[in-house]
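Peer 1: Residue strings, one per chain:
There are 2 protein chains.
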Amino acid sequence: MTTKFEALLEKIYTIHDLEKALMLLSWDRETNMPPKGDTARIDQMTTLRRLAHEMFVTDEMGELIATAVAEQANAPYDSNEASQLRYLQRHYADQRKLTPDYVKRSSEVSGQARPAWVQARAESNFALFQPWLEQVVELCQELAELYGYEDDPYDALLDKYEPNMKTAEVRAIFDAVKKESIPLRQAIAANADAVDDAPVHQPFAIDQQKQFVRAITAAIGYDYDRGHLGTVVHPFATSFTRDDARITTRWYPDFLNPALFGGLHEAGHAMYEQGTHPDLYRTPLARGTSLGIHESQSRMMENIVGRSRGFWEAHYPSLQALFPEQLNRYRVEDFYRAVNKVQPSFIRVEADELTYNFHIILRFELEQALLNGDLAVKDLPTAWNDKMQELLGVTPPNDAQGCLQDVHWSRPGFGYFPTYALGNLYAAQFYETAVAQNPTIATAMAQGQTTALVAWLRENIHQHGRKFTPGELVQRVTGQPLSHHAFVRYVTAKFSDIYRL
Amino acid sequence: MTTKFEALLEKIYTIHDLEKALMLLSWDRETNMPPKGDTARIDQMTTLRRLAHEMFVTDEMGELIATAVAEQANAPYDSNEASQLRYLQRHYADQRKLTPDYVKRSSEVSGQARPAWVQARAESNFALFQPWLEQVVELCQELAELYGYEDDPYDALLDKYEPNMKTAEVRAIFDAVKKESIPLRQAIAANADAVDDAPVHQPFAIDQQKQFVRAITAAIGYDYDRGHLGTVVHPFATSFTRDDARITTRWYPDFLNPALFGGLHEAGHAMYEQGTHPDLYRTPLARGTSLGIHESQSRMMENIVGRSRGFWEAHYPSLQALFPEQLNRYRVEDFYRAVNKVQPSFIRVEADELTYNFHIILRFELEQALLNGDLAVKDLPTAWNDKMQELLGVTPPNDAQGCLQDVHWSRPGFGYFPTYALGNLYAAQFYETAVAQNPTIATAMAQGQTTALVAWLRENIHQHGRKFTPGELVQRVTGQPLSHHAFVRYVTAKFSDIYRL
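So the sequence lines, in the order shown, correspond to chains F and Z.
Position 183, counted from 1, in the first sequence is what our numbering calls 183; the numbers after and before it change by one each time, with no gaps.
Position 212, counted from 1, in the second sequence is what our numbering calls 212; the numbers after and before it change by one each time, with no gaps.
Hints are supplied without guarantee of correctness; some may be wrong.
Any copy will do: because identical chains look the same in the list, a pair fits if it lies in one copy or spans two.
For lysine-lysine, the following DSSO-like pairs were computed, each having C-alpha atoms within a straight-line distance of at most 27 Å [said to hold, decoys possible]: (1) 104 / 494; (2) 494 / 36; (3) 4 / 104; (4) 11 / 36; (5) 341 / 4.
Just so you know, the hints here were simulated from the structure itself, not pulled from any lab data.
A quick note: this is a predicted structure, and the numbers were derived from the prediction, not measured.
Kindly generate the complete structure, drawing on both the sequences and the hints.
Peer 2: Now the structure itself:
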């Protein structure tokens, strides 16, 4: 006899398949679609998104979830049944709060704000984007009211990317990161000459770069039998099932870092998806639990693994073999230091491992000020530049390299940015725990081996998919809530060594 | 005020978008998907196919079509409105005839028959496939009854690929082709040494092949701003809109023909889709009207254009520049003759322009015998080999190179094969008409220029999409029904010259 829970899952499978087809439409748009195909693609994506939403928010679905919850009342908290139902209840309540009118207006504003942003950035002319950003801020304010909140309107937005996390909690952690990292950044700045990044700034043939990126992503544990490497302008990872989780990267002819660390970063994301438990197949739990936890997996592979000394001791010889003319004159230690150069910069996506968080903290603080009405949109460029000076000690020469650099604010997506920095902090805390629980992980890492680390991540994080909220997961895995401590210990030790502080 | 017709189109857009998403799932499966992604992909495709079908076959849709037909009763036959409604009425009636039970069984048998066929072919063991083919034949018989027919059960099946065409009509044409082509094939065989295909059988670096295929497909009129070239095992073309119509081909390291003629063939298909009228956007009319007419466009580009002397006089120098070592010792005339070698072979997909039709006629005759019960499945291998001897004068050494070579019979798709040969005949008849109406087309073709030809195809064929049935189209365009005459004239003139008959 079919249980209510099984009947519910059958309906969820259909919606899931639609959403995965939608993700393929999106993946293909970035990787293969000819530009003129975009009009039809937007229509196709809009249709699938609408159908998936309509199927999910019916009254019948609400009743089915409720009866399944009653039926499974005795399922243990950790069980797949209880976890599926927790997620579905929460997601259903959220989706029902989004009125069709809001969805339509939000989509219209985003559609028009994006080209306005492209032009504003190209001309470094904030005035062109200002009226759209004003509408985006209003949409964010409206969204916070639709979702509802207890203390802080920003909570309602953050919650969509980092479920159950509160603004006050993030603020306390970010303040501690600032307090500890600014002196470290200043000490490094005083010793900037200690690191030369010339090795990575040379001509590098793209075919060889591809060969190397394929080799190192496979070496850290990304499974190409269940994966695919594509080329795009803005790298991302996506998955259509744990058995088809794809990565993308970009290739610069005269700068190695974007391809290497982009590839490792996206492989970290995709390995999380590849590692979800097969029993979660075709359900919304078969993916990473939050953007922050997802980012912890990508940052783990990009930085803690990919920018470690052991990693380059293992892989530098094969990189030299591909590029003897460029690299034979540099020792592995030179290369290791080159990929770890700390240098305050204007552009978030080019930032190093230490200063990256400052870019995020700046956006986190400005988003709150805009949302609460403490900052008018017209004053954003000045506020941006003031904060850049405070946090990074530099002032952008223009708004294109300042407050116009990111696409994110062309849609009502406030609350997304903080997850990037949370990822760095989660990653450090997870890694510290992993090594404490299994010291072999550290000795293997010193030789560039990640098998033990990945096994630990699979067991403790990947397999659970979305069964637990990020707060529950970090508590289960590390025995305490997220804090700045592990990250500060990690960067202090690493950069004190590299910069001989 | 919204008309009933407009309301109907709104519903059709949704179904169309689902079907295009389904086609992308399928395209991606062949081009990019890692093999292990297949389980989920089949689930996703099944879901989208089911949703599209369910949305279309509702009673409400039937009523909406009927009221729109009444509303548009005065629309001219050629109008988009009348043409859309003719197609939708017909398609709706067909889809309603397919019972869910039949669809389910058909899908199950196909799903299991395919791996059985793969194994049977690999081992050249017909007995492994026989029980599945028996079920496929039964499903074809059942399908003919579901669809219904007047004279011949095969009519019901053929109709799905070549709407309104009758078996008797195809038989008469194919018999005439046989009668005229067998003596020509025999005359060529007596003079086989006149052509040497050594030039195309040499090592050819794949990167340069890609460069050349891209250049010649663009040269004949395939628009890469609205297209994409991918690599697959079995080439095909697909379109998600006229502005995103993709081609694929394959690359052999030591044989040029598959990449060159595969690329030109698929470009012909995709140019048809790129040429459909923008007003047909997002409707079922925005694609080729039948498999046979579609094949006429691919064969036109592959053979009438791509295997013409003028084409190679224009493009051979750049091919020589890419492969000087292989080709500088051959004149353009040598190369032209090499790509036109006629040689009876066992495998359909490797057949030349003249003998290809025999492979199809054989399948057409055997499908009817199986369907009518005149041939038992167990006797197929013998019947196959007898017909090969009659039509091509050769006998396959085993069933893998005989009746097991094609995937088509692993699904209930009898009626599909004839469209391949019909395409050759349509192509010749269209081309003869085009040149008669505009002699510039022939003089330009003698210099490898296709602009005038493509403009004629756009005007007379492409833009109409599926507005007319193939019978209507060929009558409108050429002033008479399809016959074998133009094809026979074309191959007789061409091969008499090449083989000095």
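Peer 1: A separate judgement is required for each hint: does it hold in the structure or not?
Peer 2: Tested hints:
1. With identical chains, the CA atoms of residue 104 and residue 494 are never at most 27 Å apart, being 48 Å at best within one copy and 61 Å at best between copies.
2. Proximity of residue 494 and residue 36 under a CA criterion of 27 Å is satisfied in neither setting, with 48 Å inside one chain copy and 39 Å between copies.
3. Taking identical chains as interchangeable, the C-alpha atoms of residue 4 and residue 104 lie at most 27 Å apart only when they sit on different chains, with a minimum of 24 Å there against 33 Å within one chain.
4. In this homomeric assembly, residue 11 and residue 36 come within 27 Å of each other (Cα to Cα) only across copies, at 24 Å, whereas the closest approach inside a single copy is 35 Å.
5. With identical chains, the CA atoms of residue 341 and residue 4 are never at most 27 Å apart, being 56 Å at best within one copy and 66 Å at best between copies.
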